[in-house]
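Undergrad: The primary structure of each chain is shown beneath.
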Amino acid sequence: DAKTTQPPSMDCAEGRAANLPCNHSTISGNEYVYWYRQIHSQGPQYIIHGLKNNETNEMASLIITEDRKSSTLILPHATLRDTAVYYCIVRASGNTPLVFGKGTRLSVIA
Amino acid sequence: GAVVSQHPSRVICKSGTSVKIECRSLDFQATTMFWYRQFPKQSLMLMATSNEGSKATYEQGVEKDKFLINHASLTLSTLTVTSAHPEDSSFYICSARGEGGGSNQPQHFGDGTRLSIL
Numbered sequence: 015d016a017k018t019t020q021p022p023s024m025d026c027a028e029g030r031a032a033n034l035p036c037n038h039s040t041i042s043g044n045e046y047v048y049w050y051r052q053i054h055s056q057g058p059q060y061i062i063h064g065l066k067n068n069e070t071n072e073m074a075s076l077i078i079t080e081d082r083k084s085s086t087l088i089l090p091h092a093t094l095r096d097t098a099v100y101y102c103i104v105r106a107s108g109n110t111p112l113v114f115g116k117g118t119r120l121s122v123i124a
Numbered sequence: 054g055a056v057v058s059q060h061p062s063r064v065i066c067k068s069g070t071s072v073k074i075e076c077r078s079l080d081f082q083a084t085t086m087f088w089y090r091q092f093p094k095q096s097l098m099l100m101a102t103s104n105e106g107s108k109a110t111y112e113q114g115v116e117k118d119k120f121l122i123n124h125a126s127l128t129l130s131t132l133t134v135t136s137a138h139p140e141d142s143s144f145y146i147c148s149a150r151g152e153g154g155g156s157n158q159p160q161h162f163g164d165g166t167r168l169s170i171l
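Residue numbers (our numbering), protein chains in the order written: chain L, 15 to 124; chain Y, 54 to 171.
Everything labelled a hint here was simulated from the structure, so no lab data went into it. Take these hints with a grain of salt, some might be off.
Said to hold, decoys possible - Simulated DEER-style distance windows between Cβ atoms:
1. Y:S136 / L:T79: 45 to 53 angstroms
2. Y:V56 / L:K83: 45 to 53 angstroms
3. L:I53 / Y:L129: 21 to 29 angstroms
4. Y:L129 / L:A124: 41 to 49 angstroms
5. Y:H138 / L:H91: 43 to 51 angstroms
6. Y:H60 / L:T86: 35 to 43 angstroms
7. L:K83 / Y:N123: 36 to 44 angstroms
8. Y:S58 / L:N109: 34 to 42 angstroms
9. L:T70 / Y:K67: 45 to 53 angstroms
10. L:S23 / Y:Q82: 37 to 45 angstroms
11. L:T86 / Y:G106: 27 to 35 angstroms
12. L:A31 / Y:S68: 18 to 26 angstroms
Quick reminder that beta carbons are idealized off the backbone N, C-alpha and C, glycines included.
Kindly generate the complete structure, drawing on both the sequences and the hints.
TA: Okay, structure coming up:
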């Protein structure tokens, strides 16, 4: 079962920052937070992951709270092509697979 | 980097046919690959974990004799849906994780295979 809770849907105006929240209150010390997105009829696309420090790459920023019980994915300037289902997943290091929850359907509106 | 290629992208076939789906890691070696299935308007469901050179580990409720997995090399895993029936129609997605850089490496996904059984 997924160990994260995300809002089912969100809207964001094009050009604005999209902030997608995720609760993972039962996260263990060795579990990482991963974010993926799935555009319709495609495979999931890796976005970013982190353990406890905030992370940034060319796609997004990941902000993890100090107690690690929640995180926020930030798309700094959302475009129409960012419309997708975004999945927040916690996973321990090692060989365990990703287990997907229901995610957040982000709609970027012109 | 970290590209996973899946083939074919779409299959339409008659009931009773067996269908093979290939998953390749193009620019990295993958000791472990994963197979998922996704029904319309639902999330991805893990079917099995495929380990190179050994038997796959299937999730509860997934029939191993129905969904044959072969992981013969570090860059190729195949899923064969045997004697497919309409209820097997779904979006099948493979995934692989690179082995370098620590065990927290992300999984990378193929673009999926849409299987339609008539």
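Undergrad: Of all the hints given earlier, name the ones this structure violates by number, lowest first.
TA: 2, 8, 11 and 12
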